[in-house]
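Colleague: One-letter residues, chain by chain:
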Amino acid sequence: MIETALVHEKIDQNSIRADQAAAVHTIQVRNLRKQFGDQVVVDDVSFYVPHGTVFGFIGPSGCGKTTTVRMLTGIYHPTSGEVEILGKKPGKFSRQDREKIGYMPQQFVLYPDLSVWENLSFAASVYGVGFRRSQRMQELLEFVELWDHRHKKVGQISGGMQRRLSLAATLVHEPELMFLDEPTTGLDPVLRQKFWQHFHDLKESGITLFVTTQYVSDAAYCDLVGVMVDSRLAALDSPEELRRQAFGGDLVMLRSIERINYDRIQALNQLPFVRQTGRVGENEVRITVDEAATAIPELVEWSKNTGTEIESIQEFLPAYDDVFVALINKESKRA
Amino acid sequence: MRKLLTEAYRFIIRTSAFIGKETIEVLRQTPLILTLVLGPFLIMLLFGIGYRNEARPLRTMIVMQDGDPYQQQVESMATSLGQGVIYQGTTSDRESAMQALRQGSLDMVVVIPPDIPKTLRGNQQVAVQFYHNEMDPSQVSYIGYFGSTYIDEINRRIVRTYAEQGQENASTLEQRLENAHQRVDAMRQALEAGNAAAAQDEQVQLDGEIDAISLLVGGSLGLMSSLDGQMVDGEGAPVSTENQATRDYLTQLQEHNQEVSSIQAGKASYQSELEKLDQLDSDLSNLEAQLEDFQDVEPGVLVAPLRSETVNLQAINIRPVDFYAPAAVVLLLQHLAITFSALAIVREERSGSMELFRISPLSSLEALLGKYLSYLLVGAALAAVITATIVLAIKVPMLGTWVNYALLVLTLLFTALGTGFLLSLFARTELQAVQYAMFILLGSVFFSGFFLDLRYLWEPVRAISWMLPATYAIRLMQSLMLRGDLVDIRLYATLLGIGVLLFILVWFMLRRRMQSEWS
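Chains as they are written, first to last, in my numbering: chain A, 1 to 335; chain B, 1001 to 1519.
Misleading hints may appear alongside valid ones.
Unchecked claim - No more than 30 Å apart at the CA atoms, straight line, and that leaves these computed lysine-lysine pairs for BS3-like:
1) A:K100 with A:K88
2) A:K89 with B:K1276
3) A:K100 with A:K194
4) B:K1003 with A:K88
5) A:K92 with B:K1003
6) B:K1003 with A:K100
Stated by the list, open to error - So the derived list for chain A, only partly shown, Cβ under 10 Å to chain B, looks like this:
7) I75
8) I101
9) D113
10) S115
11) E118
12) H173
13) F273
Claimed, not checked - Some chain B residues well away from chain A (every beta-carbon gap over 12 Å; in silico):
14) F1047
15) Y1145
16) N1195
17) P1460
Derived from the structure by calculation, the hints contain no laboratory data.
Ideal Cβ placement from N, Cα and C applies to all residues, glycine included.
Can you make the complete structure from the sequences, with help from the hints?
Modeller: Here it is as structure tokens:
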């Protein structure tokens, strides 16, 4: 499987021995499939999520993200395939296992007639949190910046505050693994960034996060990203590698003072580290290279040698929206 | 051991999650409580204050022919029959009376047929017709009952008139008996003086008196015999001892009179005739004594020798509001508990909380216990408020113990909550859950015996009644408050048993609902 191979490649890069891999993976999924009647909702999905990482599960609405989360959390039983969460099949979860997992559903499910504090207290009670509950709740409300609003009824606070409260409720029992189903949907960019900052803080404290999102740009915040397209996992890698996968390498934008003629473009294509070129304007060309960091000095050297006067040369980081579109196109062609 | 204690501690914490959450949620929904509690309570209170357990007076017009000899009697009866009739006059225009009835300006038209004596002489009953224009079957029954009672009363008055007449005849009879005594005395004096001719003259006059006595005694005997007959079984009834004695005295009187009818002139002694006159005198005295008894009887007693007296074993006089208030409390508490619990699970399902619970370590038993306890607390608090209102403000008696009352209320709430949770597990939306709760309320109003005694229901339909917690609780509550004890401990045990069964069923269903596909 291409996805599995990519994951193993990443694990190898992190110098983890194969026999230790299972022990450090918080989530292991192999050939996961879910079918409702004739409709296949998740098809042959495999990936591993190492401990202490932020895993972004990206894809458009209806691509099978939530169904996958529900299989991982034990709500749905897969039609076929294997799932292991914290070393256990979801069907074998004990109460203690469940206490290690936090789940923030896509929709806000707290109670509008209760205050912020009361809602959090309810969530804490459901997870059996008794000792030091008030202190924990205060810490969490300060963490999500809701301490000053703790007496307000949840029905009277903004959508962003409700999301933050959901996050606090998911964290109240100090889980090891968190499933966050589209936590940033509907939030403004500033708040989204704040959420991702929270996620990274949590990751720093040793929590593994499995985050689904429709926002492709959220991929930049993740350690590892899985891209779902039409019920299948189209790509799985780090955000940087995904960008490379989408465009066949790193992109470098070279802008010269004069017009870059056809012969020079042909000459660029002859360079061993150049994979392809594309004219953007009269005196600007986009060059796909193996690795931008090493290619840029060589391109500067090539310019000097060929008498091309460079106005600017820099690595071009395309928006993840473009990365995503490119990956979808590639997946469509492959299918 | 430590693990067990920790788990027990967490069980309490998880269960308490729902006690707090549900209680706060309910108490914060003030309009809901006002709608659910105060609304029905005010309606019932107004009904209790406004309901009058009295016969409805009927605006009545009598239709009879002009110049009917009974007109005065009929009108007099119509105006003296109590508050059941508002007499609107007598007319011979039947059509206009019927028109007024159709238009609603009259409630009843009584049509008296013409020529009543002729009908009676033809040995037929006189049919008096009561016309009405009611649609409500209970009002139709009321008018039928009223007509029957009205006619019974008229019949009774007629018989009383006859009885009084009979007693008046008895007064005449007394005079005749006195006359007969005097004739016997005159005969005796004439015979002692040896004046046979004078004795014969007196005897002729005595004959006339005894004929009159025979006629009058015969009439009184007829009346008394007919009354005796009504008391037993009508025709062929045995004649009472008193009546038979009267008959015997009359026969003896007639025989002894016959014996003194042929007095011969010129006899040396009239000793045998004088002895017969003594017997005749004695017969007259006996008859006189016998008839005194008849005369002394009150005509009302003669006509209606029996009357009813209802004696209630209850220690108190129970007003309609006293009877209905405990039932209303039961209905109200049942409705409250069912409505709250019917919304409880479907709301969690609809909001998505159930998905969270499936992933969490929360068990179905913890969730269910928490919800039961919270609603029991809320229901018990509301029950206390409602009970205080009916006992302190409406002055409904409370003869039972408060411990029994509290147990009954908690058992009712427990069973009603089970019913509501069951509905909640079947409902797909909150609206559907509320509709189910209203459906149960409607069923309880009609089938629990709230205002219609279960004995009026067809037996197979009564099965529905016994499926409703209110049916048991209403009986128990009325008995507890108004008699001071639980009417039947089996009713209480059945109510509790239904509650326990519902708890187990709901727990089983919720457990399945909260399980994941993996299970």
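Colleague: Which of the listed hints are not met by the structure?
Modeller: Per hint list: 2 and 13 violated.
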